[in-house]
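Visitor: Residue strings, one per chain:
Number of protein chains: 2
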Amino acid sequence: MKLRELGGSACPIDRSLYEVGDAWTLQILRDAMHGVTRFTDFNKRIGVATNILTARLQKLVAVGILEIREPMAGNSREYVLTEKGRDFHLVLSALRQWGQKHLFEDDELMTRVIDARTGQPPRQLSLTAEDGMELTPEDMLVVKSRAADPIEAAEPVDTPRRRA
Amino acid sequence: MKLRELGGSACPIDRSLYEVGDAWTLQILRDAMHGVTRFTDFNKRIGVATNILTARLQKLVAVGILEIREPMAGNSREYVLTEKGRDFHLVLSALRQWGQKHLFEDDELMTRVIDARTGQPPRQLSLTAEDGMELTPEDMLVVKSRAADPIEAAEPVDTPRRRA
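Here the protein sequences come in this chain order: A and B. Going by this note's numbering, the letters in the first sequence line up with residues 12 to 175, in that order. Going by this note's numbering, the letters in the second sequence line up with residues 12 to 175, in that order.
Please note that a few of the clues may not be correct.
In this list, chains with the same sequence are indistinguishable; a pair is considered to hold if it fits within one copy or across any two.
When the alpha-carbon atoms are kept at most 30 angstroms apart in a straight line, the in silico DSS-like pairs for lysine-lysine are as follows [to be verified]:
| id | residue 1 | residue 2 |
| --- | --- | --- |
| 1 | Lys13 | Lys112 |
| 2 | Lys55 | Lys155 |
| 3 | Lys155 | Lys13 |
| 4 | Lys112 | Lys55 |
| 5 | Lys112 | Lys155 |
| 6 | Lys112 | Lys95 |
Hints were generated in silico from the structure; no laboratory data involved.
Please take these sequences and the hints and turn them into a complete structure.
Guide: Structural data, given as structure tokens:
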């Protein structure tokens with residue numbers, strides 16, 4: 012599947028990657044979560060070429076992750092997260108927690124997020140079943156159905172896990 | 012910051028993006044979570060050019076996300092997730108849930124994962140504080156410290172959110 016075809020895939024991960032599946036876009040969204048709204052501020056923080064930044068911001072607006080807030084006279088245009096965009100913070104939180112756990116030596120400087128009320132970091136994310144049990148990759152099977160159908164109507168998808 | 016410099020960033024999201032920040036890599040990891048292990052199977056499922064797939068698999072081995080399981084005679088080499096790799100399932104779960112919520116019309120075919128024991132989907136991920144309160148992007152501040160330091164030792168990082 013070519014990257015441009017991912018947007019029509021039945022897999023929600025493929026579709027997500029079509030909208031946000033490159034490093035620049037994910038950096039833009041991280042900074043937007045921290046309140047960055049202006050082109051010059053994204054540019055300064057991410058250090059990305061202006062033509063790339065322009066293209067990424069346009070795409071994020073086109074797919075409804077960012078929206079343009081028209082500026083007061085004399086100010087520059089602002090890009091703010093939509094509800095769909097704000098919902099993406101869970102993906103970035105998961106990426107942050109994975110990086111914190113696996114990609115730092117003890118003496119390296121690391122940025123973290125804290126709850127502004129308490130000064131404490133959020134809990135580790137965990138994928139759990141309805142009964143509260145923690146789920147691992149081996150616990151899961153892949154099924155397919157129409158998006159609006161109940162899960163009971165879903166058909167198995169053939170994966171090596173299912174055959175094992 | 013150039014993409015190749017992200018691996019030395021103080022931000023865990025940057026470092027994560029250095030290792031896994033492209034769509035092909037994330038598709039490989041999704042399929043690895045479902046039990047795919049062989050080059051030919053990744054190739055068939057993702058439909059990526061073999062030179063790209065080779066480079067991505069080599070990188071994932073080099074950074075310790077996949078490891079090579081030497082084959083029995085006559086079989087092809089297998090790529091299996093390390094513990095670091097398996098931990099990445101939370102990121103893919105977050106991406107999947109976001110895509111399921113925002114990127115499908117009701118009548119479109121969608122793949123989902125279910126708990127093999129119960130047939131039910133996992134709970135929605137949620138970022139919570141130590142006291143159980145759900146955290147939104149606006150609730151968070153960014154701080155910086157050495158990775159091994161307690162959170163109380165962390166210094167504020169200047170962001171628009173902090174100034175607001």
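Visitor: With identical chains treated as interchangeable, where does the CA-CA distance between Lys112 and Lys55 reach 30 angstroms or less: within a copy, between copies, both, or neither?
Guide: within (27 angstroms within a copy, 32 angstroms between copies)
Visitor: First find the shortest C-alpha distance between Lys13 and Lys112 inside one copy, then the shortest across copies, and answer within, between, both or neither for a cut-off of 30 angstroms.
Guide: between (32 angstroms within a copy, 23 angstroms between copies)
Visitor: When Cα atoms must be at most 30 angstroms apart, do Lys112 and Lys95 count as within-copy, between-copy, both, or neither?
Guide: both (27 angstroms within a copy, 9 angstroms between copies)
Visitor: Indicate which option fits the pair Lys155, Lys13 if close means a Cα-Cα distance not exceeding 30 angstroms: within, between, both or neither.
Guide: within (21 angstroms within a copy, 39 angstroms between copies)
Visitor: Between copies, within a copy, both or neither: which fits Lys55 and Lys155 at Cα up to 30 angstroms?
Guide: Classified as between; 19 angstroms across copies, 43 angstroms inside a copy.
Visitor: Please sort Lys112 with Lys155 into within, between, both or neither, judging by C-alpha distance up to 30 angstroms.
Guide: Between copies only: 15 angstroms across chains, 33 angstroms inside a chain, cut-off 30 angstroms.
Of the numbered hints given earlier, the model fails none.
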